[in-house]
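Sequences listed follow chains A and B, in order.
Counting along the first sequence from 1, when you hit position 22 you're at 21 in numbering that gives the first Met the number 0, and nothing is skipped either side.
Counting along the second sequence from 1, when you hit position 34 you're at 33 in numbering that gives the first Met the number 0, and nothing is skipped either side.
Note that these hints are calculated values from the structure, not bench results.
All the given hints hold, so there is nothing to weed out.
Here are the simulated SDA-like pairs of lysine to any residue, each with C-alpha atoms no more than 25 Å apart in a straight line:
#, chain 1, residue 1, chain 2, residue 2
1, B, Lys75, B, Glu11
2, B, Lys75, A, Gly10
3, B, Lys75, A, Met126
4, B, Lys75, A, His86
5, B, Lys75, A, Glu79
6, A, Lys130, B, Arg68
7, A, Lys130, B, Thr78
8, A, Lys194, A, Leu213
9, A, Lys130, B, Pro18
10, B, Lys75, A, Pro127
11, A, Lys130, B, Phe15
12, B, Lys75, A, Trp8
13, B, Lys75, A, Arg133
14, A, Lys130, B, Glu72
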Amino acid sequence: MLAQHVSKWYGPRHAVTDVSFNIEPGEIVGLLGPNGSGKSTIFRILCGYLAPSSGTVAVAGFDVMTDSLDVRRAISYVPEDAPLYDHMRVEEFLRFMARIKGLRGASAASAVEAAAARLDLGGVMTMPAGKLSRGFRQRVSIAQALLGDPQLLVLDEPTSGLDPHQVIAVRDLIRALAGRHTVLIASHVLPEIEKIATRVMILLDGTLLTADALKGSREHPALRLRAAGPEAAIRGAVSAVAGVRSVAAEPAGGDAAEAAEPACYLIEAERRPSLAPEIIAALAGRGIAVSELSEAAPDLERIFLDLTRRPLKAAA
Amino acid sequence: MRNFAVLLLKEETALFSSPIAYVVMTVFLLIMGYSFTLTLFLSHQPSLVHIFFQMFVLFMLTVPLITMRLLAEERKLRTLEVLLTAPVSEIEIVLAKFVASMSLIALMLLLSGSYAAVLVLFGDPDLGPIYSGYLGLLLFGAALVGAGLLASALTANQVVAALVSLSVFLLLWIIDNFGWLLPSPFDALVTNLSLSVHFRPFAVGSVYLSDVGFFLSVALLMLLLSVRALARR
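Make a model of the complete structure from these sequences and hints.
The structure is reproduced here in structure tokens:
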């Protein structure tokens, strides 16, 4: 998928401004942004439901405006709030969706069966969609998106309305789709995106702030070190290791148990591979015992806040 | 057009699983049955001309109820988003909705055929005006359904869609009366827009190609505009 300089205006209001990004096959990309930031508008444009005011979008080599039907064959969309035909039974709805996606006869039946099994819909297949709980509606909506084995799945807030068990199940399902399908998922819930996506894009007020929020963390991995000894000696030993960018002491936690632990440091490396063996050797050479050295997970929350505050400050 | 049959089945199911279809059919048959009986006993004439004119008026009142939900409901419930991001064309969607609605109109006309059957069984009616009357009503119904579908394509509010359709139908019913107030050639133009002017010959047994063409053109134009309204997002 390639979006180039996509903008959308509703009258004088800019919903999306000059958004460009590229998604490679097999990626799970998260689009993170507060409510009203333009995520759903972008998704509707990508799926051919809305026409962009300017810019172009290509999916699987087809232009979303001129080859709309080809794009819609390659893509499956789960809209926010899971709209369904309330008068249809779940099985009937899934069969209908399978047939309009080009599946017929036995292949339609087996696709419906497989999608229902994947989303654990066995108990509600004969119920009218209008009588389903929010969680089941969401699962039926995701099940219809899996029909026809689409190349690209576009999911708008797929875990909203689900209970924690269902959230975990959907998260596992999306992870299992990686490789076979390309997945684009929107959410305003930061931990959700953090757990599912391999790449995170951040959107604010219709502007794409970054197409890869974790790029910096991937290129400059961070290590968390816990070692007992004088701070100056530890900093000196670690800083002397070739490839170490910075060393910072992490503030101790408030509780007594954590205060009793050796001090914690955050080491930022210039590149991969990990510098752990060199750091351990350098510290051991100075007689400093290392009790923990692990790669720190990228702090998406900090990155998100940094990126979203910057434009706000600029505006102020 | 490979998805047309799938969409048509969905529309037929939606139409005949909603109470609106049955309410419309019941009201239509009750009123027409009462009117047919009364006319027959009073006039003792084996003719359906009066009934055709009453059906003409009743169609204008009931078709908005059939068409108001077609696209407005899909837009409001956001199922249109599901439909239009699936590999189906706007033409297929509009045609399926049109044909499904026409099937209800055809069923209503078919059931009202019992009046003609009564005349044939117990009298000696002139069948020409009966055939032309039904043809006229079918064509008139197609024009109304097309216009109702367009109104439904332009809004997410079913009540607004119904009121817009009803207002347009009523205006086009009586618009020929304004022809007297206008200079030539506007008087002819306005008169020729009138639904009743084009329907009257059918009801009395005359079939003119111009009238057939008028109703077919209106239906096709309305369908085309509905497709455009759906495609322009």
